[in-house]
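S.K.: One letter stands for each residue in the lines below.
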Amino acid sequence: EPEVTQTPSHQVTQMGQEVILRCVPISNHLYFYWYRQILGQKVEFLVSFYNNEISEKSEIFDDQFSVERPDGSNFTLKIRSTKLEDSAMYFCASSELTGSGGNTIYFGEGSWLTVV
Amino acid sequence: QKEVEQDPGPLSVPEGAIVSLNCTYSNSAFQYFMWYRQYSRKGPELLMYTYSSGNKEDGRFTAQVDKSSKYISLFIRDSQPSDSATYLCAMSPSGAGSYQLTFGKGTKLSVIP
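Sequence order for the protein chains is B and U. No gaps in the numbering here: position 28 of the first sequence is 28 in this note's numbering, and each next residue is one more. No gaps in the numbering here: position 79 of the second sequence is 79 in this note's numbering, and each next residue is one more.
With the rest of the complex left out, here is chain B (with noise of 0.2 Å):
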């Protein structure tokens, strides 16, 4: 079955420092998000990527972050200057066709990031 994969698995970097997460999204998938779940607290939407640009973002998604595909497979999270709240675990996912659509959106395993 096709999956949505990610690394790394778990990054561990000094606060200030930055962050490059990278995805794979499913192959003939056209939408691309990025959801973070910090331990024990909910799911939280960061950004949705569609036809190279950003489609919606959340409020937690500020200048500190940014999204590219910088080519046809891969899809990065760029967190500039990392801070202590932004430990947690990023989600990558992908969907054929729009989320709001009730379209299955497929998760990747995460990245652990922890910013000590």
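It is worth saying that the hints were derived from the structure and are not from the lab. Some hints could be false.
[As the list claims (entries may be wrong)] Calculated lysine-lysine pairs in the DSS-like style (CA-CA distance at most 25 Å, straight line): (1) U:K42 / B:K42; (2) U:K42 / U:K108; (3) U:K42 / B:K57; (4) B:K42 / B:K57; (5) U:K42 / B:K78.
With chain B held as given, fit chain U onto it using these hints.
M.R.: Just chain U, lined up with the frame of chain B:
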């Protein structure tokens, strides 16, 4: 008022029991309702989705949506130890430009052999 409320549990049941999981929500724009299963330190896995009000059944799982009460449920029949996981409800509005899912906090379920 939180958009989606879900009792975090934990909920512990004996094998074979019927499990009932519930969420309430406040945003009347939500039209699509989903249940995800999440194992520890893993990504959410879609179990069921329902559009608007009504019931949907898939094997041992039944999803119910009552939009008038802003209340959704997931029932698991003949629960198995492998059903032990955290169950997340999620919702989204309809219409173009609405891409994000809003999740509940999740209910941790343990099915005891």
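S.K.: Taking the hints in turn, state whether each one holds.
M.R.: Status of each hint after checking the structure:
{"no.": "1", "hint": "U:K42 / B:K42", "verdict": "14 Å, holds"}
{"no.": "2", "hint": "U:K42 / U:K108", "verdict": "14 Å, holds"}
{"no.": "3", "hint": "U:K42 / B:K57", "verdict": "23 Å, holds"}
{"no.": "4", "hint": "B:K42 / B:K57", "verdict": "17 Å, holds"}
{"no.": "5", "hint": "U:K42 / B:K78", "verdict": "21 Å, holds"}
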